[in-house]
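*Asks:* What follows is each chain in one-letter form.
Number of protein chains: 2
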Amino acid sequence: MYQSKLFTKTRKEAPKDEVAKNAQLLIKGGFINKELAGVYSYLPLGLRVLNKICNIIREEMNAIGGQELFLTVLQDKEVWEKSGRWDDEVFNIWFKTKLKNGTELGLATTHEEPLTALMKNHIRSYKDLPVYPYQIQTKFRNEVRAKSGIMRGREFLMKDLYSFSKDTTEHEKFYELAKQAYKNIFARVGLGERTYITFASGGTFSKYSHEFQTLSEAGEDLIYICDKCHMAINKEIIKDQDKCPECGNKKLHEEKAIEVGNIFSLGTRFSDAFDLNYLDEKGEKKKVIMGSYGIGPGRLIGTVVESLSDEKGIIWPVEIAPFKVHIIEIGDSTEVKKISGELYKKLQKIGIEVLCDDRDARPGEKFGDSDLLGIPLRIVISEKTVVSGEYEVKERVGGKVSMVKEKELMDFIKDFK
Amino acid sequence: MYQSKLFTKTRKEAPKDEVAKNAQLLIKGGFINKELAGVYSYLPLGLRVLNKICNIIREEMNAIGGQELFLTVLQDKEVWEKSGRWDDEVFNIWFKTKLKNGTELGLATTHEEPLTALMKNHIRSYKDLPVYPYQIQTKFRNEVRAKSGIMRGREFLMKDLYSFSKDTTEHEKFYELAKQAYKNIFARVGLGERTYITFASGGTFSKYSHEFQTLSEAGEDLIYICDKCHMAINKEIIKDQDKCPECGNKKLHEEKAIEVGNIFSLGTRFSDAFDLNYLDEKGEKKKVIMGSYGIGPGRLIGTVVESLSDEKGIIWPVEIAPFKVHIIEIGDSTEVKKISGELYKKLQKIGIEVLCDDRDARPGEKFGDSDLLGIPLRIVISEKTVVSGEYEVKERVGGKVSMVKEKELMDFIKDFK
Chain A
1449 MYQSKLFTKT
1459 RKEAPKDEVA
1469 KNAQLLIKGG
1479 FINKELAGVY
1489 SYLPLGLRVL
1499 NKICNIIREE
1509 MNAIGGQELF
1519 LTVLQDKEVW
1529 EKSGRWDDEV
1539 FNIWFKTKLK
1549 NGTELGLATT
1559 HEEPLTALMK
1569 NHIRSYKDLP
1579 VYPYQIQTKF
1589 RNEVRAKSGI
1599 MRGREFLMKD
1609 LYSFSKDTTE
1619 HEKFYELAKQ
1629 AYKNIFARVG
1639 LGERTYITFA
1649 SGGTFSKYSH
1659 EFQTLSEAGE
1669 DLIYICDKCH
1679 MAINKEIIKD
1689 QDKCPECGNK
1699 KLHEEKAIEV
1709 GNIFSLGTRF
1719 SDAFDLNYLD
1729 EKGEKKKVIM
1739 GSYGIGPGRL
1749 IGTVVESLSD
1759 EKGIIWPVEI
1769 APFKVHIIEI
1779 GDSTEVKKIS
1789 GELYKKLQKI
1799 GIEVLCDDRD
1809 ARPGEKFGDS
1819 DLLGIPLRIV
1829 ISEKTVVSGE
1839 YEVKERVGGK
1849 VSMVKEKELM
1859 DFIKDFK
Chain B
1449 MYQSKLFTKT
1459 RKEAPKDEVA
1469 KNAQLLIKGG
1479 FINKELAGVY
1489 SYLPLGLRVL
1499 NKICNIIREE
1509 MNAIGGQELF
1519 LTVLQDKEVW
1529 EKSGRWDDEV
1539 FNIWFKTKLK
1549 NGTELGLATT
1559 HEEPLTALMK
1569 NHIRSYKDLP
1579 VYPYQIQTKF
1589 RNEVRAKSGI
1599 MRGREFLMKD
1609 LYSFSKDTTE
1619 HEKFYELAKQ
1629 AYKNIFARVG
1639 LGERTYITFA
1649 SGGTFSKYSH
1659 EFQTLSEAGE
1669 DLIYICDKCH
1679 MAINKEIIKD
1689 QDKCPECGNK
1699 KLHEEKAIEV
1709 GNIFSLGTRF
1719 SDAFDLNYLD
1729 EKGEKKKVIM
1739 GSYGIGPGRL
1749 IGTVVESLSD
1759 EKGIIWPVEI
1769 APFKVHIIEI
1779 GDSTEVKKIS
1789 GELYKKLQKI
1799 GIEVLCDDRD
1809 ARPGEKFGDS
1819 DLLGIPLRIV
1829 ISEKTVVSGE
1839 YEVKERVGGK
1849 VSMVKEKELM
1859 DFIKDFK
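Sequence order for the protein chains is A and B.
Numbered per the numbering used here, the first sequence spans residues 1449 to 1865.
Numbered per the numbering used here, the second sequence spans residues 1449 to 1865.
The set of hints was computed from the structure by calculation and includes no laboratory data.
Some hints here could point you the wrong way.
Note that the list lumps identical chains together, so a pair holds whenever it fits in one copy or between two copies.
[To be verified] In silico DSS-like links for lysine-lysine, alpha-carbon gap of 27 Å or less:
no. : residue 1 : residue 2
1   : K1544     : K1530
2   : K1544     : K1794
3   : K1631     : K1853
4   : K1704     : K1631
5   : K1734     : K1457
6   : K1544     : K1595
7   : K1464     : K1621
8   : K1587     : K1548
9   : K1525     : K1544
10  : K1848     : K1614
11  : K1683     : K1460
12  : K1525     : K1464
13  : K1595     : K1453
14  : K1614     : K1853
15  : K1614     : K1460
16  : K1457     : K1568
17  : K1676     : K1733
18  : K1453     : K1735
19  : K1655     : K1683
20  : K1568     : K1476
21  : K1733     : K1457
Go ahead and model the full structure; you've got the sequences and the hints to work with.
*Replies:* Put into structure tokens, the structure is as follows:
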């Protein structure tokens, strides 16, 4: 895409009431727009990143048998009363609204209830199990304060998968598969090394749930890391559990972290409430065993920005970058335009996503914007490079600059595909 | 996909309170689920159709310069007060909700207001125009009654594009482009021949707007068709306009139709309210000229079902069918399973989406379900076809059955890709 055609512009300043670094940088780069505290829209550049993350998540969920569906925002009070989570005093993050006739509705905060109700139409026999529906859908949470940018919004996208299994053995097998799929996702979005599987409270039906916590100064959680087995324990349960539940190690150190995902055994919490049963091989009625598995794609974007940016701007990992290559035209001589245009076409032809800064702007502004936007590879084309017959190539991570001859350029770029 | 793995099941009956044919068939086929009156979730089969329609719309919007973004559901009262559309007495389809501190919020019914406010950050000069942002996002309308299935829901997806132009000439040029893009969309989803561009009320800023109306007995609109130029006039304006505004023809006939899209010149209605200006080539301040262009992907699905189904079930046009080919295994002999498995793999390899009914079910049930699901091409593999060395192929449209030899099968299928 040509930058002169992209309608969003970079900004010098984020709105004054925006305190989170992730939202500040994303707003300045033109990735998102703040509509209200905790409510952000995605502009074209931000939507490109969001779609890439969603597609990574889809691939990993489909690989473990996930089937995608799309539930609704508006929620039926009667369905939520069955599980006892309609009452604001029990579940205090509801946004509620009303039909013209006065009937109360809720805005979905999560989807265990409507999905369990729905599955009653489709689960009858052991032959119908296991099954793993998931969706990527907007959730709403009426947070009292919303100061963490897109890491904790009042309106945000969520991937939520729910597992329906015949028994705990089948459930646990899938739970481990999901754990691995989550590890793959965090690795692919560039957060693998700094993300820890973290023991957290399990609720009524199991001793632990598992969170995925990414180290960050902006984190709202405190975790205790075990360096021996690369796992962690959430502070919330550290009092009852002062050694690593995985390996018994007692040398743990505290770190701030962002919860980027969680997986949870639900047991029969919801199949009890909705009477979700199946007939086993012997014709006996059994309760379905459930689990839930969440990741917020928007929160992942916020976490990447918090964790990987530098003082100049954002640094996108290659797999989720809005574009892979950023061509910067310096000067508007015919030769610069010609060589830039040829490279642009060549890259597009081999399927490399490229943004070309063809704007009529000062070099300093172009370089500053390029650092802010954080595209992995920058290629400068100026009268100087035209004369030398080489391209000036700069990697956003580390800032290494190389002069590369044309015939070597494509080899260089391959790593950024 | 193997049908035994698909978790949704067909149903004999739709819920008793469901009166719309589109929703009845879609629920019976397991495409959608009714959560509340006018609120439907998409199950895996329905989501496949929905995604195909959304991608067709995206392709056509991108082709005329559209840039996709993703605005929010939650709406700021202050923004809507600027245009005078916050008040329930003016705009009576709002769902409203509240933050914990009592601040009122709305659920988006449309997005002219927030987008115009947003564009103030990005439009300054004539160089920034024209620009055509669009999104595919959920809208909410607090309808008093909701009896039209997914054709008029309380919660529904909408593609809305907004044009921002320097002057009316530039605006009208794009308006015509959008008209053609819309025609392309309706043709590709299989509704081209029965869809009429229809003159409708233009509001304050232009004499007419244009609706796209698809003939259907389930339609809520009445239109007057001009057979001479294949256009129509909405009944709402027929009193002021008793001849075809396009060609002057006075012989018009009344038909029921479903509004599947509309395009609207907004003039300076919103750029006045938000003071959205630009500096022209001479440095003079000018108002931006706007237009809006809507299509509901869910309503399109409903319209296809209303218009194209028969007494046996749904008939999907090829380009939006959830799968192109439906293999039906009859009997479970090793030979049937072997030949079915080979064909399944072969079709997948050449990129044809195939659903294989490998369920342990009676032939009658399989054929009935296949008619209900409406996949364009059915291939029956039974002990009889195995012996004859041919495939029994049935087209869902028209019901033509052919016996096809293996070497001719791929040629036959090509048309359904």
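*Asks:* Indicate, hint by hint, whether the structure satisfies it.
*Replies:* Outcome of the hint check:
1. K1544 with K1530: both (17 Å within a copy, 25 Å between copies)
2. K1544 with K1794: Answer is neither; intra-copy 53 Å and inter-copy 51 Å both fail.
3. K1631 with K1853: Answer is neither; intra-copy 38 Å and inter-copy 48 Å both fail.
4. K1704 with K1631: within (19 Å within a copy, 55 Å between copies)
5. K1734 with K1457: between (58 Å within a copy, 20 Å between copies)
6. K1544 with K1595: both (22 Å within a copy, 23 Å between copies)
7. K1464 with K1621: Neither: 49 Å inside a chain and 40 Å across chains, both beyond 27 Å.
8. K1587 with K1548: Answer is both: 23 Å inside a copy and 17 Å across each meet the 27 Å cutoff.
9. K1525 with K1544: both (10 Å within a copy, 16 Å between copies)
10. K1848 with K1614: neither (54 Å within a copy, 43 Å between copies)
11. K1683 with K1460: This pair counts as neither: shortest intra-copy Cα distance 38 Å, inter-copy 52 Å.
12. K1525 with K1464: Between copies only: 20 Å across chains, 39 Å inside a chain, cut-off 27 Å.
13. K1595 with K1453: Neither: 33 Å inside a copy, 43 Å across copies.
14. K1614 with K1853: Neither way: K1614 and K1853 sit 61 Å apart in one copy and 43 Å across, limit 27 Å.
15. K1614 with K1460: between (56 Å within a copy, 26 Å between copies)
16. K1457 with K1568: Between copies only: 11 Å across, 49 Å inside.
17. K1676 with K1733: neither (45 Å within a copy, 66 Å between copies)
18. K1453 with K1735: Intra 57 Å, inter 20 Å, cutoff 27 Å: inter-copy only.
19. K1655 with K1683: within (15 Å within a copy, 66 Å between copies)
20. K1568 with K1476: Classified as between; 15 Å across copies, 47 Å inside a copy.
21. K1733 with K1457: Classified as between: cross-chain Cα gap 20 Å, same-chain 61 Å, threshold 27 Å.
This entry does not satisfy hints 2, 3, 7, 10, 11, 13, 14 and 17, going by the numbered hints stated previously.
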